[in-house]
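*Asks:* Each chain, letter by letter, is given below.
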Amino acid sequence: MTEFLSILVLLLLANIVVGLARVLRGPSAADRMLAAEMFSTSAVVILLLLAFILDAPALLDVALVLALLAALAVVTFVGRAWSELEIRDGDGTGGDREP
Amino acid sequence: MSLANAIGLLCVLLGMPFFFLGTLGLLRFPDAYTRLHALAKTDNVGLGLVCLGLAILSGSLAIGLKLFLIWVLMLIASATGAGLIGRTALARGMKPWGL
Amino acid sequence: MIQPESLVVLLVGLPLLGAILTFVYPRAATAVTAACAAGMLGAASGVAYAVMVGGGWSQDLGGWAPPLGIGWQVDGLSASLLLLTAIVGSAGAAHRAVEGLDQPFFWPLWLFLWGALNALFLGADLFNLYVALEVLALAAVALIAMAGGGALPAAWRYLLASLLGSTVYLMGVALLYGRYGALDLGLIAGALEPDLPSALGAGLICLGLLLKAAVFPLHFWLPSAHGRAPTVVSAALSALVVAAAWYLLVRLWFGPFAGLQGPGPDWLFGLIGTGAMLWGGLLALVQRRLKMLIAYSTVSQLGFGLLVIPLAVGAGAESAWRGAVVLVLAHGLAKAGLFLAAGSIARAHGHDRLDALGGMGAGVVLPWLALVLAGASLIGLPPSGGFLGKWWMLQGALAAGGWVWVAAILLGTLLTAVYVFRMLSVVIRPAAPVPPAGGGGLPGALPAFVLALLALGLGLAAPVLEHLLSGDAMTGGPA
Amino acid sequence: MLVFDALLAGALIWLAWQATHTPGLFRSVISFIVFGLLMALAWVRLEAPDIALAEAAIGAGATGALLLSALGRLAVTHEAGTPWQERPDLYFWIPAGAALLGLLTLAAWALPTPGLGDDVRRVLPDSGVANPVTAVLLNIRAFDTLLEIGVLLLATIAIWSLGRMPMPSAPAVRSPALTALGRVLFPMFVLVSAYLLWRGSHAPGGAFPAGAVVGAGGILSILAGAQPWLTGGVRGPWRILLSLGFATMLAVAWGVMALGQPFFAYPPGLAGLIVLVLELAAGLSIAMSLVALYLAGQPPDHWGPEAARR
Amino acid sequence: MIYLVLAGVLFVIGLHGLFVARHLLRKILSLNVLSAAVFLFLVALARQAEPLDSVPHAIVLTGIVVSVSTTAVALALLVRLSRPRGNNAAPAGKESR
Numbered sequence: 001m002t003e004f005l006s007i008l009v010l011l012l013l014a015n016i017v018v019g020l021a022r023v024l025r026g027p028s029a030a031d032r033m034l035a036a037e038m039f040s041t042s043a044v045v046i047l048l049l050l051a052f053i054l055d056a057p058a059l060l061d062v063a064l065v066l067a068l069l070a071a072l073a074v075v076t077f078v079g080r081a082w083s084e085l086e087i088r089d090g091d092g093t094g095g096d097r098e099p
Numbered sequence: 001m002s003l004a005n006a007i008g009l010l011c012v013l014l015g016m017p018f019f020f021l022g023t024l025g026l027l028r029f030p031d032a033y034t035r036l037h038a039l040a041k042t043d044n045v046g047l048g049l050v051c052l053g054l055a056i057l058s059g060s061l062a063i064g065l066k067l068f069l070i071w072v073l074m075l076i077a078s079a080t081g082a083g084l085i086g087r088t089a090l091a092r093g094m095k096p097w098g099l
Numbered sequence: 001m002i003q004p005e006s007l008v009v010l011l012v013g014l015p016l017l018g019a020i021l022t023f024v025y026p027r028a029a030t031a032v033t034a035a036c037a038a039g040m041l042g043a044a045s046g047v048a049y050a051v052m053v054g055g056g057w058s059q060d061l062g063g064w065a066p067p068l069g070i071g072w073q074v075d076g077l078s079a080s081l082l083l084l085t086a087i088v089g090s091a092g093a094a095h096r097a098v099e100g101l102d103q104p105f106f107w108p109l110w111l112f113l114w115g116a117l118n119a120l121f122l123g124a125d126l127f128n129l130y131v132a133l134e135v136l137a138l139a140a141v142a143l144i145a146m147a148g149g150g151a152l153p154a155a156w157r158y159l160l161a162s163l164l165g166s167t168v169y170l171m172g173v174a175l176l177y178g179r180y181g182a183l184d185l186g187l188i189a190g191a192l193e194p195d196l197p198s199a200l201g202a203g204l205i206c207l208g209l210l211l212k213a214a215v216f217p218l219h220f221w222l223p224s225a226h227g228r229a230p231t232v233v234s235a236a237l238s239a240l241v242v243a244a245a246w247y248l249l250v251r252l253w254f255g256p257f258a259g260l261q262g263p264g265p266d267w268l269f270g271l272i273g274t275g276a277m278l279w280g281g282l283l284a285l286v287q288r289r290l291k292m293l294i295a296y297s298t299v300s301q302l303g304f305g306l307l308v309i310p311l312a313v314g315a316g317a318e319s320a321w322r323g324a325v326v327l328v329l330a331h332g333l334a335k336a337g338l339f340l341a342a343g344s345i346a347r348a349h350g351h352d353r354l355d356a357l358g359g360m361g362a363g364v365v366l367p368w369l370a371l372v373l374a375g376a377s378l379i380g381l382p383p384s385g386g387f388l389g390k391w392w393m394l395q396g397a398l399a400a401g402g403w404v405w406v407a408a409i410l411l412g413t414l415l416t417a418v419y420v421f422r423m424l425s426v427v428i429r430p431a432a433p434v435p436p437a438g439g440g441g442l443p444g445a446l447p448a449f450v451l452a453l454l455a456l457g458l459g460l461a462a463p464v465l466e467h468l469l470s471g472d473a474m475t476g477g478p479a
Numbered sequence: 001m002l003v004f005d006a007l008l009a010g011a012l013i014w015l016a017w018q019a020t021h022t023p024g025l026f027r028s029v030i031s032f033i034v035f036g037l038l039m040a041l042a043w044v045r046l047e048a049p050d051i052a053l054a055e056a057a058i059g060a061g062a063t064g065a066l067l068l069s070a071l072g073r074l075a076v077t078h079e080a081g082t083p084w085q086e087r088p089d090l091y092f093w094i095p096a097g098a099a100l101l102g103l104l105t106l107a108a109w110a111l112p113t114p115g116l117g118d119d120v121r122r123v124l125p126d127s128g129v130a131n132p133v134t135a136v137l138l139n140i141r142a143f144d145t146l147l148e149i150g151v152l153l154l155a156t157i158a159i160w161s162l163g164r165m166p167m168p169s170a171p172a173v174r175s176p177a178l179t180a181l182g183r184v185l186f187p188m189f190v191l192v193s194a195y196l197l198w199r200g201s202h203a204p205g206g207a208f209p210a211g212a213v214v215g216a217g218g219i220l221s222i223l224a225g226a227q228p229w230l231t232g233g234v235r236g237p238w239r240i241l242l243s244l245g246f247a248t249m250l251a252v253a254w255g256v257m258a259l260g261q262p263f264f265a266y267p268p269g270l271a272g273l274i275v276l277v278l279e280l281a282a283g284l285s286i287a288m289s290l291v292a293l294y295l296a297g298q299p300p301d302h303w304g305p306e307a308a309r310r
Numbered sequence: 001m002i003y004l005v006l007a008g009v010l011f012v013i014g015l016h017g018l019f020v021a022r023h024l025l026r027k028i029l030s031l032n033v034l035s036a037a038v039f040l041f042l043v044a045l046a047r048q049a050e051p052l053d054s055v056p057h058a059i060v061l062t063g064i065v066v067s068v069s070t071t072a073v074a075l076a077l078l079v080r081l082s083r084p085r086g087n088n089a090a091p092a093g094k095e096s097r
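Chains as they are written, first to last, in the working numbering: chain A, 1 to 99; chain B, 1 to 99; chain C, 1 to 479; chain D, 1 to 310; chain E, 1 to 97.
Just so you know, these hints were derived from the structure itself, not from any lab.
Glycine included, every Cβ here is placed at the ideal spot set by N, Cα and C.
It cannot be assumed that every hint is accurate.
Unchecked claim - Okay, the calculated bits of chain B under chain A, using three or more residues with CB under 8 Å as the criterion:
#1 7-16
#2 24-37
#3 44-52
#4 57-67
Take the sequences, apply the hints, and build the full model.
*Replies:* Here's what the structure looks like:
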């Protein structure tokens, strides 16, 4: 069974790697944020599975903390960062001076 | 392999496709709103099934409760996050696809 | 009779306690700082006395012996630098208190800086030194940024350089830990073998420290940070913080890394030192602002200190070693005096542009006097500490037949003399009218004057210094 | 599992590259947050659950919030400069980087990695706790931890010394769901943190993740529109609470000397209790400090309507 | 072993990023990548030791907290730098009592 679960873990990680394409492509900031949220769910599941595979209950706590803090990033993003960033297509590669 | 184990494993296995479909949606859906939809399925159903399956596999009430807590936390995070992103995106005039 | 071990505890604990108190009760800040300064002067003198009487010692923290636990070590080198820190720290605090600038959070940051310095001079554990370096860097950055405006980019550059330096340092620590399974300096010194991981680890550590010490050619961040910071902060940075990085470098080089010594690294450090001496001196020569001139002089003076690495091997090693330490001490006293005096002058005139400053006149007599005396020590006129240090270093170099380094020291001294005279040529100008509200008068310049006097008189203490530094010469640790 | 490691390593490298080298600041920040997430997995693979916990709480949680809110406060988020592909200094960097990497790898290859695992195991019974990492942190190398808590306090003071906190240019979105989130989740944060603190003595956990979790909860409540209770003036207990962990550690370090022990040496038998007290105080201060760090400046003396409008 | 090499690669990436990055926020990210590389290196070493070594774990925990603190200070400074004439340019004024 552990081998089986290990394969699932591997698939989930591969899933994340594939999903990274959305971080790369965007186009809007919200899309990237969504992708990050998706990764945190996947990471939680990976941790849960690893907890069983390695028989390490401490990993459940790690998953718990991740789940608890999952909301933090997205709320910060919406509340603090997005308002400044605007919803712009593509990336800020314009020619402004650096601060 | 006992029946409980088989059921647990089945649940975990059933949860997996949601993650792959979630990533597929993240990559292939046309805009942030539809991607939000894909993500919600992953968080709610996929994670729920995995947690349920692992709880059955563990056969321990304490671990089961912890897994349930993790699922609820992710649900809250995902629901609020989706609501916030959707609401803010609309308020900022980001056009949903097809409208 | 108080145990010297408890005095050492006081040296680290007192400033940290003071930092908390001044943060929580800002009203009592001046009183708390004064008490801390008094306690630290006493404790540092006590430690130096104990070292002179009984030699150095090491103590384990928390009753855990290395390799598990963290150790402290005290010897002539660390004791003399602790004393320097106490003196410069107290003088800076006095100057600040007299100046009457009421900036929030200055005192807790100042005391944090002080505590970190003391922890650095005592630490014998590579990782503990890393944490102390970070405390030092953060406190220094915040203090630089206090000047506001143009100091912010300088603080930023300093922060980046400092963090990069400490991260590179930590990578070296990781390598050494992987190689020897120990973080304690003494244990690593005993086990060191010249293989690739050790060499790479030591190299990274030295690189990180060279960056933190702003050694040429990694000095790019120093002049603006030291030149733009508030006056007392410039004094502490130039006199102490740079000396701390130099101290660590020397401590490690002659302690744990002694097994890696060889002509290659010796020449490398020697050339870097010479380069710093000449380049820093030349740039100091062309500065237009008094504080910037003094800041570049730090780059140049640090080069002298670095020459200890090629000189303190073989014949004449002990003399060269003693000379370098005394030179750093004298530089600390003189440089702090210079900055404080320059601050008083700049405050009196409202600016510090060299071409527009007036000469010695009413209101700025004492600062200019301090500037002259400290400048004399910087050049190395007898009987100053600078003279004694250079004398001993030259003796060592001559004994070893290191003619290149003799020439370098003489050339560096010549440059120092030129830029110090350029600075002092302002004295003989007609006195410019000082705006009455300038307030840079007597009380503010008194600490600068005392520091300059100490720098000048340090040479007279030659027998004491010789005794203090003889116990631990070259071993880098308690005998 | 080798495939897993390789995949993870590949993803981490790609994310690090994204975070440091590709245009688009927001993309970089998101990449870095995901980088932290995957680092937590790497810690798990390296059998370091304590660090995974800290990374999940501090790295993925608090740092992400810090970065995002700083990004929102930046006046200029566009970047200047030529694309890295056109930079001539690559002729220096590629060989130099390769050489450094080669040296590091060669050195790592040659490392015997002796380690102190045996020593820690031997003294663990005397340390008062069963979790070796906690034992090292709060007993054996407690002086490191003292300075570390000092760094947190110092960072708070440093940030306050930079001036008043910069108000976010736009208020956080008002949403009933968000307010509810703050109300519902904060008790959860406290609960989980208490649990982690309790676990710390015998299993991965302890003051650092616990404090970070509460701190993150505080940040979340602020974002959810709660009135931040942290004020800047000397009135109120906040300065005391911020320095509580540091002060307690210092007091313990000196206090034991009154009992005839050397600096920082816990009297036998009391070690467990002392570690617990230290964890509580440190956890509280860590939580407060994280909130203070997040605010990025000295908070106003009173959180009135005028403070919110400014 | 794979993690040791990974740490090396991340170290080089972080170092390079720190030097060539134009935007200051990116320099902060590079520094964080750099320290993550060092931490990874330490823990990967601890993993290879026999038995598992807890000292590097404790060291890295300390390091993580230190690096968060320095990151926060750097970010606060960066915000001040990017708004030179904002509502909070120069830290002046009296201590609030």
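*Asks:* Decide, hint by hint, whether the structure agrees.
*Replies:* Do the hints match the structure? See the list:
Proximity of the segment 7-16 of chain B to chain A, defined as three or more residues with a beta carbon under 8 Å from a beta carbon of that chain, is established by the 5 residues found. Interface restraint, the segment 24-37 of chain B with chain A: holds (5 residues with C-beta to C-beta distance below 8 Å; minimum three). Counting residues of the segment 44-52 of chain B whose CB lies closer than 8 Å to any CB of chain A gives 4, so the stated coverage by that chain holds, three being the minimum. A stretch counts as covered by a chain when three or more of its residues have a beta carbon under 8 Å from one of that chain; for the segment 57-67 of chain B and chain A the count is 5, and the coverage holds.
When each numbered hint is compared with the structure, no violation occurs for any of them.
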